Amino acid sequence: MEFHSERFLAFFAITFLACAILRKSRLKTLALVAAGFVFYASWNAKLAALVFGCALADYAFGLAIERAGEERTKNRLLATAIAFNLCLLFGFKYLGFAIGSLEGAASALGYSVHWRIPAPVLPIGISFFTFEAISYLTDVRSGRVPAERNPLRFLLFITFFPHLIAGPIVRARDFLPQIDRARRWDWQRIELGVRLFVIGLFKKLAIADSMALFSDPVFQNPGHYSSHAIRVAVVAYAIRIFCDFSGYSDMAIGCAHILGFKLGVNFRMPYLSLNVSEFWRRWHISLSSWLRDYLFIPLGGSRRSSARTALNLMVTMILGGLWHGAGFTFLAWGGLHGLFLVVHRGFRAVAGRSPALKVALDSAPGRVLRWACTFTCIACAWIPFRAATGHGALAMFRGLVIQQAGAEVARPLGPFYGLLALVIAGHAIGSMKRFTRAVTNRSPAPALGFGYALVAACALLLAPAENQAFIYFQF
Amino acid sequence: MSNADQAGSRNGSGRGSSLSAGFIAALLALMAFRGLGYLCILPPFDAWDEYQHVAYIDALNRDPVPPILGKAKVSKEFIDRLIELPQHKFILLQLGRFGAVDYKTYWERSERHSAPANRAGGTIELYEAQHGPLYYRLALPIYRALGGVSNLKGADAALRVANLLCTIAAAGVVFFGIGKLIPNRSIAALSAAVVALHPLFLANSMRAGNDALGVFLAESVIVLCLVRRRSWTIGFGSAVGLLIGIAILAKAINFALAPFALACWTLSFARSGATRLRALGAGIACALACLATVQGELRHNLSLYGGLTPMQESVKNRTEGKTIADTLRCAGKIDWVETFEDLWLRRSVLVCGWGFVKPSPKVLRFYETTLMLGLCGWAIAAIRRLVRPRCEPEGLGAGRSLACLALLASLALAQAYHVVQSKLAWGYATTNPWYAAAGFPWLFVLGLGGASGWLRRSELGCGVIAAGLAGVFVVAEASVVWGAIPIDSTCASGGMIFSRLANLQPAWLGTPTLVIAGCGALASLTFIAYRVVMLLAPWRPGDQGQTESPGRSREPRAVRRPIPRRRASGARRSVRALFWFAGLLIAGQVGLDALIRSRPELADKEFGRKLRLLENKLAEHPGRPLILGLGSSRLATGFDPMTFESTLPRSGGAAPIAFNFAMVGSGPEMMHLTLSRLLDRGIRPACVVIEYWPPFWAFARGVKDYEQQINLGALSYKEARLLAGYVPRPGRLMNAWLRMQALPVYANRHALAAGLLPGSQPEPKERELRFEFVDQNGWWKPHDAISEPDRLRLVARYREHYQPTLASLTIQPSSRRAMDHLLELCEKERIVPLVAVLPEGGGFRSWYSAESERVKREYLDELSATHKVAVVDATKWSGDGDFLDDHHLLPPGAVTFSRLLAEAMPGRRGSEPVASERVAGGANAGWKAGALR
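Chains as they are written, first to last, in my numbering: chain Z, 5 to 479; chain V, 115 to 1047.
Any given hint could be a false lead.
Which residues of chain V face chain Z? A few of them, derived with a C-beta cut under 10 Å, are [said to hold, decoys possible]:
#1 L391
#2 F693
#3 L699
#4 I700
#5 A856
#6 L857
The calculated label-pair distances, taken between Cβ atoms and stated as ranges, are [to be verified]:
#7 A921/V x C91/Z: 49 to 59 Å
#8 G418/Z x I700/V: 25 to 35 Å
#9 A414/Z x G956/V: 37 to 47 Å
#10 G227/Z x F813/V: 54 to 64 Å
#11 L793/V x G100/Z: 57 to 67 Å
Please keep in mind that the hints were generated in silico from the structure rather than gathered at the bench. Here the structure is a predicted model, which means the values were calculated and not measured. Beta carbons: idealized from backbone N, C-alpha and C, even for Gly.
Work out the full structure: start from the sequences and follow the hints.
Structure follows, in structure tokens:
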């Protein structure tokens, strides 16, 4: 049941009505948990039971950690709980990849081995709810959050359907207090939710899915296409993944707002970043902040030597890459970003020592140059992320750098440039915060309503014939 | 007495209006702009009997003595000027002999700059002399000022404008009445909006004629009587009587106001208490004033025509000596339920003039149902009132509702009188729904008031019914105007339409006026919709006191929860924005859905394009019987209608035309669906050639097969149900269809984007390519020739596909059922069916096993025995070289096959079937070419 399907609209309408009726009742929590189960069960009912079972286990771990008397016991319980979650993640997501890699390595060494293991169905969104559980348990251990006593409230935190499948990754300290607060009816919040949902819908249907038509054929067979087609495909994919994921996040945040909950912002126009470090402060904010808080800082962060900081960055980003998927291409993507971050830290240190360079970089042409370099690096990094195999990624890089003849994209490029211009215009308008605030706050209600209806209608009308699943559902 | 009435009595007549002046102004502006639009679109004298009314004024211009029915004639000079303008075909029945021409001839002549045809002499009766002279005397100065007969076009337009103003004044009076009578703001606003949108109320009254003045005077009387809350005084009674008299002088149907006034007076008398004597005097004064006003006219009628009314039908009946017994006998033969349903429901949204372009039957059915739902609300409210006496719908109140019912009943009686008289005089009723135009607003007020009885939250029920009615009116008006324009402009295209429409009107009613009228109407409509939606919003923050129903206990102001000002304003804005969003989105969906449905070639290309081609062909050959080919791609490529048509024997009467409506992949289920769809659209062939293609009878199709073949979302509910009857899991097909109805724009986005933004969808689906290479007769010619190696390659490919099926041929139950249904439909609609087995190549024929041949033969025999249908087996009619792939004919082969098929039509005159291997059949085997006629 995807957010842009008729089934979801019907499901959401029923859920909204139930919440509106049960607004002043504790049954609202139960209704939302049930909605979460139904939402997940629409893909796989057995896995929905598994997710709910794991969530209950985490609930028990949380209580146990809080009630444990000794610090050592708490640490052991936390380690057990994290191991439980990671084992779950590993078992479903990485076991096949690990065994395949081992087989490959053994084969390279001249041993022919073949381990027969069952291929489990990957629970959708496992990476997201596992990270949420780990952050909760860690926060309980460190005392930042009290362990939740009410299992229903905890279940709602994990299985709240807008963020269940593809985030944003929520923290217990942000979400749990809202469960009681969410009983107040707020039309402005509902309007904000509708606005975000409509914008997300437009990003997903009109832009991301259309861009897929320019990128997917080329990524599937890069050797067949010309360098120009490959460049178009790379840019199209960069736009697609942003609009797809940020569109999903907008819809999720919008749904949550309509139901009376606030989820954290996940994207802040990342393609306007002037360096990779800034990019990670704007892209998938809930994941990058999770990695920072629960991985990079515990590893030592940037308080130690430059080499150790670089290592921490590389480890964090490689694990972040692996979080996205079990494959060397994701590993390469994480590694590339780690490398970019390390290089950026080094370059920043150099620039800090040279005031003239700093002034030049802060000037308008310098900013444009920085933006261009950053966007190029990020767009190139998407190649291994999207490519099905390492060979495919290399073929894309080769076509990108070395001029090659071949087929052009089968579709006329007019819509591609049109959508590109739309995305640029959207970023330009989005960066004018005062203007956008004035427009949304001062426009008359009919104009706002007309705007929302127009955007929604365009989203529905411009969606390509074939439906595309959200990219981040696979993670 | 109802709460509202009691409140009225308590408050006297001093209660303010529940409709704001701004809202009323917007409603009037909407009517004015729409009226202006009608003036620009409706050609002069195109409205009902309009030329007769203007001729009446012209007669008064020549001789101040009012014309006498039966003696008065339309002046020759007037006719000479009149026939310079194009006329509708119905008016040509009267004016054709004088040289008047229809629109098509007029435009052709205008393009050729040729002179009008010779005119015959003679006279024409001024039958509108049946009306009293009041209106015509009042209109005479306008007619004279505009130049009279020398400037007939301008004079007619000026008279129409005067009538438009009269109608707007009548509407203003109605809105004033609604505002005074209905205390609930929302229901009052909804009622007024529905009245303002009603097409017939506006369109009928703005033509040159006495209707507008009659309606204005009638509405004045109605509102005066209904608004009066205190008991009648002698002065008031006299004024009402005088006004009724004048209304009768303007339009005789206003006699119906007398019983209504009597009902109002009775109600007033019942509650007059101590002032009963005065009330009695008021009644007498009213009657006397009315009689005094009309006595001259009545005496005139009695002396000249021998009756109270000079209605031409009554006069004719009296002249012919028909008695009251004849009248009663005639009345006994009339189906009154049908007649009143027709007058008050089915035809009461009819708009425009002699074009008689009607909204679709579905729209009218929806209108009937919606209005009846509203009126049935009264029954619910009555039951609820029995249980809880204080509870009643938020309409007029019981007393005034009774008065309104009396008004509608007396108008219906007046219509009934006309029905009987006209049936007696002409043999058929010529009564029109607009005679009772003055009653329409009060019918809607009753309906919407009743709708408030359905639900406890009264505005909601009322809003639903009002939305339904308003939707019907807008759709009806748009479709009728859209349908009338091609008649008036004779199917011109682009700017030519505007040029032609403007050419028919005086300069000041040209295209700029039309554009201004359109923009103005749209703006007014948007404003009204906005105001109504805001009034209906159930959660208006900080606005809790808008329901002013005095009968309801309201929460004291002091205990209301205070709402912070800033917060309330922000929330209110959000609610409004959301409302606008939802409304516009739904309106957009509905609009685009309507577009998809009105233009099937957008979303259902193969069917839609063929339908369009067929409609064009039928329009080019009106009145000729149609032979339709139904089948799969084999018939689509193998049946050349032109060859077939030209080979069919010709005898007296209209020669038949043929059209190839075969669609790729069609089995019996799809053929049944296709024929049903065509019949629903009013296309009834005389004969259908049904292809029997054995593999398609051996294959049970599922939902996915149909999803690939056609656009399920473009089907209507009935069509989807029909198809669902042939799939193993009907629920899945209906679910798929329902899902596509939820968001029709999303479901049909590909087709819509391709249609509205050409080039945006470069990869058409396979099914959308099928209409290419289709000629004007529906014949599909994707290939002209093929080389032998390519042909053999194709045959080898199809061998894998078809040989297993043909080796063990079966007839699926669903296919058998569909074929039976198809043939039963043909029988029911009296369509002559002909089952044809199309030619097959030698290779293809060899794939049949002996058992399969037996199954095929037995099935054909069964069809022929059960349904008495003729069967033509043309399997061996073509050589291998005629085929693309041993089962699809190439064009030369198709021409030969079509010729032989025409020759083999069973019962072809004077010969037995030629080259037919086998022709079987029962009753229809004796089918003659003449049967097509």
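- Mind listing which of the numbered hints don't hold for this structure, in increasing order? Hints 1, 10 contradicted; others consistent.
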